[in-house]
Amino acid sequence: MSVPLTLLGLLEREPSHGYDLKRDYDAYFGRGKPLPFGQVYATLSRLARDGKATAGEAEPGGGPDRKRYAITPAGQLEVETWLTEPVAPEPHLQTVLFAKVVLALMLGRPAAEYLDTQRRAHLGRMRELTELKQAGSLIDALLADHGLFHLEADLRWIDTTTARLGALAQAVRPATYDRSAGGAR
Amino acid sequence: MIRFGLRLTLRGGREAVVRLAITAIAVAFGTGLLLAAIAGVNAVNTQNLRVAWLDTVPGPVAGHQAPAAARAQPLWWELRPDYYRGELMGRLDVAATGPRSPVPPGIPRLPGPGQYYASPAMTKLLDTVPADELADRYPGHQIGTIADSALPAPNSLLIIVGHSVSYMAHQRAADKVSAIQAVPLSSCDGPSCAIAVGIDANGMDLILSVVGVGLLLPVLIFIGASTRLSAARREQRFAAMRLTGATPRQVTVIASVESAVAGALGTAAGFALFFALRPVIASFPYSGAPFFTSDMSLSLTDIAVVVVGVPAAAAIIAWIALRRVQTSPLVRTGYGLSTVVDGAHPGGEFSFRRRSALHRTPHPHLTPHPHAPRTRTAPTPRNRPHSPLPTPHSLPAPRAALSFP
Amino acid sequence: MTRYEAAAGAGAGTGTVLGSEHVIEARDIVRSFGLTPALQGASLRARRGEILAVMGPSGSGKSTLLHCLAGILTPDSGEIWFGGQRIDSLSETQRSRLRRDRFGFVFQFGQLVPELTAAENVALPLLLNGVRRVPALAEASAWFGRLDLDGLEQRRSGELSGGQAQRVALARGLVARPEVLFADEPTGSLDTLTGEHVMTLLTATARAEGTTVILVTHEARIAAYADREVMVRDGRVVIGADGGSTP
Numbered sequence: 001m002s003v004p005l006t007l008l009g010l011l012e013r014e015p016s017h018g019y020d021l022k023r024d025y026d027a028y029f030g031r032g033k034p035l036p037f038g039q040v041y042a043t044l045s046r047l048a049r050d051g052k053a054t055a056g057e058a059e060p061g062g063g064p065d066r067k068r069y070a071i072t073p074a075g076q077l078e079v080e081t082w083l084t085e086p087v088a089p090e091p092h093l094q095t096v097l098f099a100k101v102v103l104a105l106m107l108g109r110p111a112a113e114y115l116d117t118q119r120r121a122h123l124g125r126m127r128e129l130t131e132l133k134q135a136g137s138l139i140d141a142l143l144a145d146h147g148l149f150h151l152e153a154d155l156r157w158i159d160t161t162t163a164r165l166g167a168l169a170q171a172v173r174p175a176t177y178d179r180s181a182g183g184a185r
Numbered sequence: 186m187i188r189f190g191l192r193l194t195l196r197g198g199r200e201a202v203v204r205l206a207i208t209a210i211a212v213a214f215g216t217g218l219l220l221a222a223i224a225g226v227n228a229v230n231t232q233n234l235r236v237a238w239l240d241t242v243p244g245p246v247a248g249h250q251a252p253a254a255a256r257a258q259p260l261w262w263e264l265r266p267d268y269y270r271g272e273l274m275g276r277l278d279v280a281a282t283g284p285r286s287p288v289p290p291g292i293p294r295l296p297g298p299g300q301y302y303a304s305p306a307m308t309k310l311l312d313t314v315p316a317d318e319l320a321d322r323y324p325g326h327q328i329g330t331i332a333d334s335a336l337p338a339p340n341s342l343l344i345i346v347g348h349s350v351s352y353m354a355h356q357r358a359a360d361k362v363s364a365i366q367a368v369p370l371s372s373c374d375g376p377s378c379a380i381a382v383g384i385d386a387n388g389m390d391l392i393l394s395v396v397g398v399g400l401l402l403p404v405l406i407f408i409g410a411s412t413r414l415s416a417a418r419r420e421q422r423f424a425a426m427r428l429t430g431a432t433p434r435q436v437t438v439i440a441s442v443e444s445a446v447a448g449a450l451g452t453a454a455g456f457a458l459f460f461a462l463r464p465v466i467a468s469f470p471y472s473g474a475p476f477f478t479s480d481m482s483l484s485l486t487d488i489a490v491v492v493v494g495v496p497a498a499a500a501i502i503a504w505i506a507l508r509r510v511q512t513s514p515l516v517r518t519g520y521g522l523s524t525v526v527d528g529a530h531p532g533g534e535f536s537f538r539r540r541s542a543l544h545r546t547p548h549p550h551l552t553p554h555p556h557a558p559r560t561r562t563a564p565t566p567r568n569r570p571h572s573p574l575p576t577p578h579s580l581p582a583p584r585a586a587l588s589f590p
Numbered sequence: 591m592t593r594y595e596a597a598a599g600a601g602a603g604t605g606t607v608l609g610s611e612h613v614i615e616a617r618d619i620v621r622s623f624g625l626t627p628a629l630q631g632a633s634l635r636a637r638r639g640e641i642l643a644v645m646g647p648s649g650s651g652k653s654t655l656l657h658c659l660a661g662i663l664t665p666d667s668g669e670i671w672f673g674g675q676r677i678d679s680l681s682e683t684q685r686s687r688l689r690r691d692r693f694g695f696v697f698q699f700g701q702l703v704p705e706l707t708a709a710e711n712v713a714l715p716l717l718l719n720g721v722r723r724v725p726a727l728a729e730a731s732a733w734f735g736r737l738d739l740d741g742l743e744q745r746r747s748g749e750l751s752g753g754q755a756q757r758v759a760l761a762r763g764l765v766a767r768p769e770v771l772f773a774d775e776p777t778g779s780l781d782t783l784t785g786e787h788v789m790t791l792l793t794a795t796a797r798a799e800g801t802t803v804i805l806v807t808h809e810a811r812i813a814a815y816a817d818r819e820v821m822v823r824d825g826r827v828v829i830g831a832d833g834g835s836t837p
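Residue numbers (the numbering used here), protein chains in the order written: chain V, 1 to 185; chain D, 186 to 590; chain X, 591 to 837.
Simulated from the structure, these hints should not be mistaken for lab results. Remember, predicted model here, so these are calculated numbers, not experimental data. Just to be clear, a hint being listed does not mean it is correct.
What the hints assert, rightly or not - Taking beta-carbon pairs under 10 Å as the criterion, some of the chain X residues facing chain V (in silico):
1) Ala813
2) Ala814
3) Tyr815
C-beta: ideal position from N, C-alpha, C; glycine also.
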C-alpha cells in the first residue's frame, strides 16, 4: 500500500491541508489503522522536497498542520503514471488495486480502462504460469496452481468491480464536493 | 444413412430398445384394433350373405326371374323357429315337387320324406339328448350334415326336414318357392327377417366405425404419448448430430427410419395380435349370432392399406414432431436458446471455489519475490459510518507485495 | 511474450482484407433473440493455429458469437468469413457440411449420442460424410490412445465419467482434422483437475494438429491455456490482445 502515491492522488483533487488528507485516507484506505500524523506530514514534506507537491504559506497560528499543500505538474504526472500502468500481477494485490480504482473514480479517470489493462496483465501472467505448469514437474505445477488460483481470485474482484463501477463512482465522488466551500472540482 | 438409422434404432443400447418396444406396442394395439374393426365389418357382410337364403320367400326374387324349369317345379317351404330348453332352433320343412326344384345351400340334394339334414351342432344335440325330448319331433332319420357355408354361426341349430308334397300342401304356413334368396335383403334387420340373424349391413358398418374410432382414439393418444416420452431424448440426439454436421435431410431420414421401424414392428405385432385373438372376437354374437372365425377375414386391400398406412402415419407424426429440431442444432432450454442441453451456468460465473493454500516455499522459477508472512488486521465492523466501502481482509506486508527483482 | 507470439512474430495488422494468417473472422455481428439483443456489432479475428479465448460475463453474448462463427446461427447483420469465403449466407445444408468437415466442437456437455458407442460417436463426422463403417471406426480408434481413453471404445455415453465424455467429444471434434475447433465452456461441468486434464489434452493436440481453437469461457484459469484473450461485453468485443480495440 503506497502511502505517498495515495496521498498524492488525494491531493490532486484540490489543494488540501494535511489534516484533510489524513482524514480522507483513513476513511477510504485506513482499514481501521489510522495513519499517524507524523507519517502524513513527513510524507508531504518529502513530496514537496521532491517537487511533486508545493507547501503553501503556513497560516497564522499554526504549525505544519496549518500548511496548505498543492500538487505540481510533476506530481500529477506521477499519479497519472501510477494509475495508468498495471501493477505487475501477483497474488494479494487487492489493496493496491483497490486504492487505484477508488482514486481513479475520485479523479474522474477512466477506471474501467485501468481495470481492463490490469486484467490483461493478470491473464498474461496466468498464461505464463500455465505454460510452466505443463512443462514442469508436479511440484512446479503445485506452485503454479497456487499463483493461478490467487490471480483468479484477483480477477474475480476486478470483474465484480468493473460491473460495479457506476455505483462506486456515485459513492466516491460526492465526498469530494462537500469539503470546502466554493472549491468544487 | 438408412443403415445408420437402423443401427441407431436397433442397436442403440437397452434404453433405445425399450423406447422402440413401447412405441411398437402402442402401434400394435392400434393396428390390432383397426384390423378387428375392419374384419368385423367384413364378418357381418359375410354372414349376411351366408344367411340370405333363409329369407327366401315366394315370388320373384330381388328382381330376377327364376328359370322356367324351377318355376315349373317349385319347392314347398316352411321355415319356423323351434325351441329346446330355451334355445332357439331353426326348422325348415321342405318337399320337392320335381327333380328341378331349387335346393338350399349346404346340402347336396333335397331330403325326401322321412329324411332330414341337421347342422353339426344340431347333430350333436340329437345324439346326446334322449330321443323323446328332441329327435322324435322330426320324422325319419338323418342322412347328412348341413355344411358351414349355409349356417349363420358355428353353433347354429338348424334342421332341414323332408316331406311328401301332399303333406306340405296341407300345411297352412307352407309356401311354394321357385328360387332361393341369394342376396341379403337390404331391409333385413331382425324382426322382418325369417330368422333373427343378421344386422342391416349399413347399420353394422356405422356401429363398427363408431366403436372402432372410439377405441382407436385412446390408442392414438397412447402412441402420441409414447412418442413424446422419447421426444426429449430424440431431440437431444438429433441436435447433437446436427451440431456435428448432419444435414437436415440426414436427420429426417434417420427419424423416419426410426418411426418406420417402430411402425413396422408394431404393425406386424398388431397382425399377430389380431390373428391370435380372432377366434375370441368371432365368438361375440354382436350381430345376433357368433361368427365363424373365417368370417373375420381381411381382403388384400384391407391388408395393404394397414401395412402401408400405419408405418407411414407413424413416420409422419415423427416428422412433424421433429421439425423444430431439424432447423437448429441448439435446443431451447429454460435459459433461452443455448448450446445443446443448457450451457448456461446456474451459479453464474462467480461461483467461488475455495482451495486451500498450497505450500509456499519460494521457487526460483515461479515466484519472482519471496512470499512475505501474511499479516492479518483485526476485522473491522462493517457498519462503520466513515467508510462507505467494504474493507478488504487479509493484507500482505506492503513492501513485499511490491518488490520485484 | 507467450510461446505463440514468439513464434508468430509481431502482432497482427489491421487491414480489412482477410490475410492468409487469419483463418476465421466475424465483422460487426448483430444478433437478437426476439427483443433481446445478444450481439450488437461484435468483431473478431483468429489467426491460423492460435488458441483464442473469448471471455466475458454471462449474457455478454460470447456463446452467441461462437455460434455465429461456427455457422450454427446466422447473424441478423454482419459477415462471417472463413477460408476466404463468406459463410453466414450459406444454406443450412452447406453450413452443416462445413461443421462436419472443417469444424470441430466441444461444448459444456459432451453432446454424445447416447445410442452410439464411444467409438461410433467419435467416428460420427466421418460416418455422416459417407465414410464406410470399418475405416471410420478405425480412424476413430486411433484417438482413444492419444486422449487416455484406452479400452472405452465400446462404452455408451451413460457409462463414461464426465472427463471421459469430454475427451470423447474432443476426439470427435478433431477426428475430421478440422481447421477450427470451437469449445464452449468445455470444462464447465468438470471438477478442477479433470478440467485441467481436458484442457491440457485439448491444447496439446490442437497445437500438434495446427488447429485453430476458439475457446469461450468465463474462467480465467481456463482462458490461461490460450495464446490470447478477447473480452465480450454487452454484445461487443471490447478488448483485443493487441492493446487496441480491434482484435
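Verification of the hints:
1. Ala813: Holds: closest Cβ of chain V sits about 6 Å from alanine 813 of chain X, inside 10 Å.
2. Ala814: holds (4 Å)
3. Tyr815: holds (6 Å)
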